[in-house]
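Trainee: Spelled out from the first residue to the last, the chains are:
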Amino acid sequence: GAVVSQHPSRVICKSGTSVKIECRSLDFQATTMFWYRQFPKQSLMLMATSNEGSKATYEQGVEKDKFLINHASLTLSTLTVTSAHPEDSSFYICSARDWGQTYEQYFGPGTRLTVT
Amino acid sequence: AQTVTQSQPEMSVQEAETVTLSCTYDTSESDYYLFWYKQPPSRQMILVIRQEAYKQQNATENRFSVNFQKAAKSFSLKISDSQLGDAAMYFCAYRGGSEKLVFGKGTKLTVNP
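Same order as they appear, the protein sequences are chains V and L.
Just so you know, we're using our numbering here: the first sequence kicks off at 1 and counts up by one.
Just so you know, we're using our numbering here: the second sequence kicks off at 1 and counts up by one.
Derived by calculation from the structure, the hints in this document are not laboratory data.
For glycine and all other residues, C-beta sits at the position ideal for the given N, C-alpha and C.
You may find that some hints are simply not true.
Claimed, not checked - Here are some, though not all, of the chain V residues that point toward chain L, as calculated from beta-carbon distances under 8 Å:
1. Phe39
2. Ser43
3. Ile93
Claimed, not checked - Distance ranges between label pairs, derived from CB positions:
4. V/Asp65 to L/Ser28: 29 to 35 Å
5. V/Cys13 to L/Arg63: 40 to 46 Å
6. L/Met11 to V/Thr57: 45 to 51 Å
Take the sequences, apply the hints, and build the full model.
Mentor: Structure (structure tokens):
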């Protein structure tokens, strides 16, 4: 089946620094990737939709300048958390939609971000 | 906007028994997909089953089946012959024309040996 990877799986950074999370589709081309945030014991909340070669579409309430998304190729999207603060600590999950599929999103294993 | 409601924060079932997880949704769209995802402690989201709204027949995947009631906007998941490995968070999700997935709050399933 289709595989989506995320790197890193865990990251700890200091307040005020930036951190980049990569999401890769390993065996298919993903014209669209999605970024989610999940707080402990809560559901997934969509942050933004990333389309290859164009600007990301952010959900209401998500700060575009804090969460920079780049989808430079059909297999890679990146999420950069800029000037991170402790409240940005969370579990970030990406998913990718196969260009050839009509309904399925494949999820990455997630990235645990801790801001100290 | 579409909403998905899972009214059971937690459920438990004895191993080998059957359990049903509830999900209702609200939408004005006529063409959409519904999904059940499993999230074990590893946090990896795993697709359990999907249902296309235009199909009247309920989807089935081995021990997992759904009861899709389109008019009632209900989409429950039945797990038969429950196994210890079924213990996880289960999320019901809706996908309409926007391609975005809208998730319910989840149901934590415990399987007792």
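Trainee: Now look at each hint and say whether the structure bears it out.
Mentor: Taking the hints in turn, this is what the structure says about them:
no., hint, in the structure
1, Phe39, "11 Å, violated"
2, Ser43, "5 Å, holds"
3, Ile93, "7 Å, holds"
4, V/Asp65 to L/Ser28: 29 to 35 Å, "33 Å, holds"
5, V/Cys13 to L/Arg63: 40 to 46 Å, "42 Å, holds"
6, L/Met11 to V/Thr57: 45 to 51 Å, "35 Å, violated"
Against the hints set out earlier in the document, violations occur for numbers 1, 6.
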